[in-house]
Each structure stands twice: as C-alpha cells, then as structure tokens.
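A.B. asks: These are the residues of each chain, in order.
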Amino acid sequence: MDLFQIKKAPTVYDAVIVGSGAGGGMAAYMLTKAGAKVLLLEAGGYFDPADPKYITQLKWPYESPRRGASTTRPGGDFDAAWGGWDIEGEPYSSKPGAEFHWFRSRMLGGRTNHWGRISMRFGPDDFRRGSISGVGDDWPIGYDDLKPFYDRVDKLIGVFGSVENFPNEPDGIFLPPPKPRLHELMLKKAAKGIGVPVIPSRLSILTQPINKERGQCFYCHQCNRGCQAYADFSSSSVLCIPALKTGNLTLQNNAMVREVLTDQKTGLATGVSYVDTITMQEVSVQAKTVILGASTCESARLLLNSKSARFPNGLANSSGVVGKYLNDSTGASRSGFVPALMDRKRYNEDGVGGMHVFTPWWLDNKKLDFPRGYHIEYGGGMGMPGYGFGGGIEALNGKIPGRDGKMKPAGGYGAGLKDDVRRFYGAYIGMSGRGEPVPLESNYCEIDPNSVDKYGIPTLRFHYKWADAEIKQAKHMQDTFEEIIHAMGGIPMGNKPGPEQNYGLAPPGRIIHEVGAVRMGNDPNKSALNKFQQAHDVKNLFVVDAAPFVSQGDKNVTWTILASSMRTSEYIIDQVKAKSI
Amino acid sequence: MKRRDTLKALSFSSFGLAVGPVEEAVPEPKPKVVPPKLLAGRQKFEAERDTKLHGEKFFTPAELQTVTILSDIIIPADAKSGSASQAGVPAFIDFMMVDQPANQTPMRGGLRWLNTKCVNRYGAPFAKCTKAQQIDMVEQIAYPGKATPDMTQGVAFFTRMRNFVLGGFYTSKMGIDDLGYVGNVPNNWEGVPADVLKQYNLSYDEEKK
Numbered sequence: 001m002d003l004f005q006i007k008k009a010p011t012v013y014d015a016v017i018v019g020s021g022a023g024g025g026m027a028a029y030m031l032t033k034a035g036a037k038v039l040l041l042e043a044g045g046y047f048d049p050a051d052p053k054y055i056t057q058l059k060w061p062y063e064s065p066r067r068g069a070s071t072t073r074p075g076g077d078f079d080a081a082w083g084g085w086d087i088e089g090e091p092y093s094s095k096p097g098a099e100f101h102w103f104r105s106r107m108l109g110g111r112t113n114h115w116g117r118i119s120m121r122f123g124p125d126d127f128r129r130g131s132i133s134g135v136g137d138d139w140p141i142g143y144d145d146l147k148p149f150y151d152r153v154d155k156l157i158g159v160f161g162s163v164e165n166f167p168n169e170p171d172g173i174f175l176p177p178p179k180p181r182l183h184e185l186m187l188k189k190a191a192k193g194i195g196v197p198v199i200p201s202r203l204s205i206l207t208q209p210i211n212k213e214r215g216q217c218f219y220c221h222q223c224n225r226g227c228q229a230y231a232d233f234s235s236s237s238v239l240c241i242p243a244l245k246t247g248n249l250t251l252q253n254n255a256m257v258r259e260v261l262t263d264q265k266t267g268l269a270t271g272v273s274y275v276d277t278i279t280m281q282e283v284s285v286q287a288k289t290v291i292l293g294a295s296t297c298e299s300a301r302l303l304l305n306s307k308s309a310r311f312p313n314g315l316a317n318s319s320g321v322v323g324k325y326l327n328d329s330t331g332a333s334r335s336g337f338v339p340a341l342m343d344r345k346r347y348n349e350d351g352v353g354g355m356h357v358f359t360p361w362w363l364d365n366k367k368l369d370f371p372r373g374y375h376i377e378y379g380g381g382m383g384m385p386g387y388g389f390g391g392g393i394e395a396l397n398g399k400i401p402g403r404d405g406k407m408k409p410a411g412g413y414g415a416g417l418k419d420d421v422r423r424f425y426g427a428y429i430g431m432s433g434r435g436e437p438v439p440l441e442s443n444y445c446e447i448d449p450n451s452v453d454k455y456g457i458p459t460l461r462f463h464y465k466w467a468d469a470e471i472k473q474a475k476h477m478q479d480t481f482e483e484i485i486h487a488m489g490g491i492p493m494g495n496k497p498g499p500e501q502n503y504g505l506a507p508p509g510r511i512i513h514e515v516g517a518v519r520m521g522n523d524p525n526k527s528a529l530n531k532f533q534q535a536h537d538v539k540n541l542f543v544v545d546a547a548p549f550v551s552q553g554d555k556n557v558t559w560t561i562l563a564s565s566m567r568t569s570e571y572i573i574d575q576v577k578a579k580s581i
Numbered sequence: 001m002k003r004r005d006t007l008k009a010l011s012f013s014s015f016g017l018a019v020g021p022v023e024e025a026v027p028e029p030k031p032k033v034v035p036p037k038l039l040a041g042r043q044k045f046e047a048e049r050d051t052k053l054h055g056e057k058f059f060t061p062a063e064l065q066t067v068t069i070l071s072d073i074i075i076p077a078d079a080k081s082g083s084a085s086q087a088g089v090p091a092f093i094d095f096m097m098v099d100q101p102a103n104q105t106p107m108r109g110g111l112r113w114l115n116t117k118c119v120n121r122y123g124a125p126f127a128k129c130t131k132a133q134q135i136d137m138v139e140q141i142a143y144p145g146k147a148t149p150d151m152t153q154g155v156a157f158f159t160r161m162r163n164f165v166l167g168g169f170y171t172s173k174m175g176i177d178d179l180g181y182v183g184n185v186p187n188n189w190e191g192v193p194a195d196v197l198k199q200y201n202l203s204y205d206e207e208k209k
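Residue numbers (our numbering), protein chains in the order written: chain Z, 1 to 581; chain L, 1 to 209.
The following block holds chain Z by itself, in its conformation from the complex (with noise of 0.2 Å):
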C-alpha cells in the first residue's frame, strides 16, 4: 500500500516551524533571516493578499450570490478567514456539560488574516495577577522582559496609536491614530462624563507607509478580508512572503502534521511527520529544531499526540499539564440607537478596519467582585451594507416617532418603512467588551479517546465551562454599556441578559482568544515549557504561539505572540550559536 509507505524527506532542516500564523510566521521570519534553512509546514493553502486570485476586499454585496451571509464561513463570504468553528473531516468533542467552540484558519497565515489588527502590549500588572489578586499565576517573566520585543514589533510591523500614559496600558511606538468617527466622538464624550475613558485605538494598520514593501492605509474598513496593499498585519503577507524572498524558507502547504517525532535515546525532537492533505501522502522531515506555533489547541494537541515510550503522557507532558489552564476571553455586547444620529449627512466614514477609539480597562479589581479586568470596543457609522441589513427593524420602528412627531406601530411595509430604513440608518452603535478569565485547571482540552478526524488523528476533547468570576465581569459589561448607550441618550436594543444566560456571556472559544493549554513557568512539576517557550523535557522543543500563556489580559495577545516569538527566535539563534541545541 503505497499511502501507508511513509516518504521520508532527505534535508535536514535547522527548523521546522508547524504553523504559519503570528507566532510560526514570525519564527519564520526571525530565523531564515539569520540565514537558517527552515521548513514552515501549514495545513491549509496558499493565500495572499495581495493576488487577485484571492481578493475579496473593495467588492460589493452583490457579488456574492447569498449577498455575504455566513453560510459557509463564520465570517460570511468576504471574510478572509478559509476555515470556522466547524471545519468538514476535523471534528472535536466536548465533555457533556462543558463546551469549547474551538475556531480554525486552514490557510498561509492562519488567523492572521481575518482578525480585528488588536495590537495592545501586555502591562506590567498583567504578567502578575497570581500575586496581585491572590487567584491565578504570575508568569516566569516580566513586562520588562518583552518590551524591548514590542519595540522592536512595533516597528517592523507598525502600529497606530496615541501616547496616554494609562496605567497598565503601556504606550507603543505609534503612527498616528486616525480621528474618531462622529458616532465614536459623541461615545467619548458620552463615556467620560460617567467617568468610563476612551482612547484612540491600537491597531496594526499602517496609517503611513513604514517601508517599500507595504502600503499605506486606504480607509475601506476591510482588514478582515485581508489587505492587497498590505497595509495591516497578517502573517501570510508581512512575515511569511517576506520569509520565502530571503531564500532559506520552504514553504509546504496542506501539510497536517501528525506528531512530533523524538529520537528515544537522547530525547531530542528530531522532526515531524505530516500528511499531505491532497494526495494523503504521510511525510517525515526531519529538523534540528522542531517549533510549534499550531495555535493553543492545536500545538497541545500535538504534543499530547506525540507518545512515545519515552514520552508516555504524550512530548513535553512530564508535569501533566499540557493541555490544561486553556482560557479564551470573556466576551458580551450590546447595541443601541441613537435618536440624534437619525437623519444623518452621508459622507464616507469607512476609516479603518476597527473602532478608532475603545475603553482600556479603567477601574481597580480590588473595589469590585469579581477579579480581572476587561476593555471595550465599539461600533458603529454608516458601514456598507451586508447579509441580514435592515433584519429586526420590527424591534425599533415602533419606538421612534416619524418625521410628523407621532408614534407608529412597529414593522410595518411600504413607503413608510423605506423611509424609516433611511432614517436610522448610521444610527446604531455596538459595544462588545473583552476580559481576562482566571484560568483554571478544570478547563482543559484532551486526546478523545474515541475520535480520529479524517486523517487518523486522535482529536481533542474539551472540557470548559465559565466561573463566578467570568460570569460578574459579564455583568458588570452589561451594566457599563447601558450606561453608556443611556449616557448618550440611546435606546439599548433587545433585553438586557440576565443571570439566566450569564448576562450575555459568549460561550468559550466564540472569542477566539483561546491561551494557555502548553503553559510555560519556573518549576518544571506544574509547567510544560521555560520562560523562553522552550520544553523543559526536550531542549530543542518550542512553542511560539499562545499556548505558552499564563494568562491573557483584558488585551488581545496577537501582539504579545509576535513578540514573544521573536524573543524566542533570538534565543533559539544564541542557543544554536553557543552550541547548546
């Protein structure tokens, strides 16, 4: 049987990174520009932005048959993210009781290329909420540790910001932030008369060119379907294409990797084996350095799969806690309607792909009763229409009075609706907020025993569910944005969610901040890697992507993936050079 015939690649790499997302792009991008040979295995396709063959962005609705709707991708059809939460042929489980939505990118670049460009840095406090609050860990390094690295990613990647001095938010190395919307100037206004700040946001969207590669800003609120001047962030067209023109990267595609493989006498990782997705081809490479960067789950689920004799808990899994701590931000919303914005003068207010302001958390965990911290991010404006516009007019028309001062019956048909439609449109405006959870060892990803997906590999069972604390941050969510939507004399829309459904609480994984599950520390009993992400059971073993986390902040962490991945690229080139790996 030929299939079964596993093909064995001759070329010993210096690496071998699985994964091309933020952390496996960047180890990419740091090592073959020290001038390594390095193998990125990624499980989808190629994609760049930049080809035509792939560009969805600056098309309109009707371009698309079911005009946008998310009918085969979470995002809906302009999204440029090739994968969900459901993906055909790679199932997962869920522990009865528990849940975990557990979202892939099967693509060059991973996540990287739909995402929200959130670039916040860690703050000092958030490397030390274990001593802070006396629940959870600390992490084995500090913000000192990293800021040389977020420099250095600010400026190779490019940011936009502003220089606030907020405690815990540290300031970056800024291009300008682009000005506030009007609905975003009447929230700030709104908000900080009830004490609640807001701040330009941080973005990884180039408001000014940073170099001949990449372009400027063009304002069409798009990033998620990826950008053909690549002026945002993803790793497929800012660290991976750049990667491949240095000469010493070879890209492999549709590459689903296995396991890890080990030699059993030294212990040492020795390379991969992966099966070609198309032809279904098993492959082994062979590396010096084997570096994850699959995502949380799945870098965990490959080091849990990756048994051996030597290794029976699975590589890198002495302590036994691979796997564990996973943790994704908390997450609810709210929208509303703004009477004052009915009627609004058009004009162009695209801007860029995401809020230009947002609330970073403001308020002292001590005083409240519940332990971490979350931020805000708006929306709102005059967007371009998509799948679903107009849905639900029913809920509000009858709130509203008509341009003759009178009330009318919600819903209704014709002239009249037309009319209303006109008028409220630009006048909603959304809130969503994002905390930090207390990561916990109950919640957990592990092998099922009774599930292989459609190449043979055993695949992950979850077991997740949201605690008191995660449930009153929720609350204290909701209470904040109906302050807010009150504040500027809005209507919130739909029902506040009460105790019963966790006050609106997203169920894990929805966020897709997911951390934590190959967590790094000092002692090597209660963790799977050092604090430069490399195994303490296997030296030339490491992990780039956002298992190592201890925690996550009330901030999205691509940034602190990218700049952590760096600084363990850095270690891995010392490393090779004192001859230690």
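Hints should not be assumed to be uniformly reliable.
Here are the computed lysine to aspartate or glutamate pairs in the DMTMM-like style, where the Cα-Cα straight-line distance is at most 25 Å [to be verified]: (1) 33/Z to 570/Z; (2) 52/L to 90/Z; (3) 44/L to 125/Z; (4) 454/Z to 195/L; (5) 179/Z to 72/L; (6) 155/Z to 125/Z; (7) 345/Z to 177/L; (8) 52/L to 88/Z; (9) 192/Z to 195/L; (10) 37/L to 63/Z; (11) 408/Z to 72/L; (12) 173/L to 56/L.
Calculated directly from the structure, the hints in this document are not laboratory data.
Based on these hints, arrange chain L on the given structure of chain Z.
C.D. replies: Quick look at chain L alone, frame taken from chain Z:
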C-alpha cells in the same frame, strides 16, 4: 408554447412527418446553465457548492409570484428608488432557500398559510386577490404589536419576509444608492466634515483635552 412543442413544430411538422414514439421519448433538453462567476478566494468546497447551487430554484412559479408581490408591497418604488423586484430581490430570496434550506419550510409553509387565509377571507389565494384585499391581508400581519391571536403565524412569516426583502434590497446596487452609502472606495479619512461637527456641536480640539 413549450420548448419541446416548438421543436416539434419546427422540425417535424415542417417536414410533414408525424411525431413518432421515439421522439416522444427524447427528454426535454436541460436548459444550459452558464457557470457562475465565482467570488475570488473561494475554497474548493465553496466553489463546487456555489457552482452546484447556481441556477437551482426552490419556489414554484406560483410561489415566486406571491413572493414578488409581497416584496413590492414591502419595498415599493418611490421618488428615490425602484421596487424590490426591480432590484432582483425575489431571485435573491429564492437563492437563499437553496443556500440555507432551513428557510424552506417556514417560507413555503408561510406562503401556504397566507393563501389559506386569503381563500377563507376573500375566496382566492393571495396573488389572485385584488390589490385592496392584498393590502387588507398584509395589514393583519405587518404589525407584531397589533395582530390578533389568529394571525400570529402570519406575523412570523411576514417578519421573515420583511427581513429578507430589506436585506436583499439594501445589498443591491439600487438599495445601496438609495441609502446613500458612498464608501467601499480607496480614500483618505481626514475626520468628520466640519459642517457635521458643527451640527453636532463637537470638535476635535475639544477631544484632545
């Protein structure tokens, strides 16, 4: 005249031949479906699916006629823009039936509910009713807060219909122009126009404080 009849008329009767059983057994040629122009960046399974769904129909001609009438009642032409059917909304709704089959039963069933009600009230299905009767019927189901208990299923159907029509119309070129959306083009964002800032009594200077 059906296509097959036309063929008969052209090919056989013009040669003076009777139509034999062999010809009768020849199936009507399927209309040739032009492959759709696919959106860029489709994954393989999406491209295959979009190609397969292209040209598939769900509604019967009678159903489509009713959907079209309802669409134009919900979004009629006015001084500013055309009607839902002029913007191609019925065809979009039909596509959504095959794209998301969960819509099929509530839509087909809802149309059936509507016709049954119309036959009971006016003696004819919706499409055959007079314009005044159609509006009288729609008045019973267009306002969720006012509907009588015997109309609630109709309200649910009409709400679904309204959502589809609004979504379809305002994502068409005609609807986008009607709204006055002027984005989706490369530009340089320089902030809210001065006259708008003034209108709302806001300023960027104040914002800096």
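A.B. asks: With reference to the structure, classify each hint as holding or not holding.
C.D. replies: Structure-based check of all given hints:
no.	hint	verdict
1	33/Z to 570/Z	11 Å, holds
2	52/L to 90/Z	24 Å, holds
3	44/L to 125/Z	46 Å, violated
4	454/Z to 195/L	60 Å, violated
5	179/Z to 72/L	41 Å, violated
6	155/Z to 125/Z	24 Å, holds
7	345/Z to 177/L	14 Å, holds
8	52/L to 88/Z	18 Å, holds
9	192/Z to 195/L	24 Å, holds
10	37/L to 63/Z	9 Å, holds
11	408/Z to 72/L	21 Å, holds
12	173/L to 56/L	23 Å, holds
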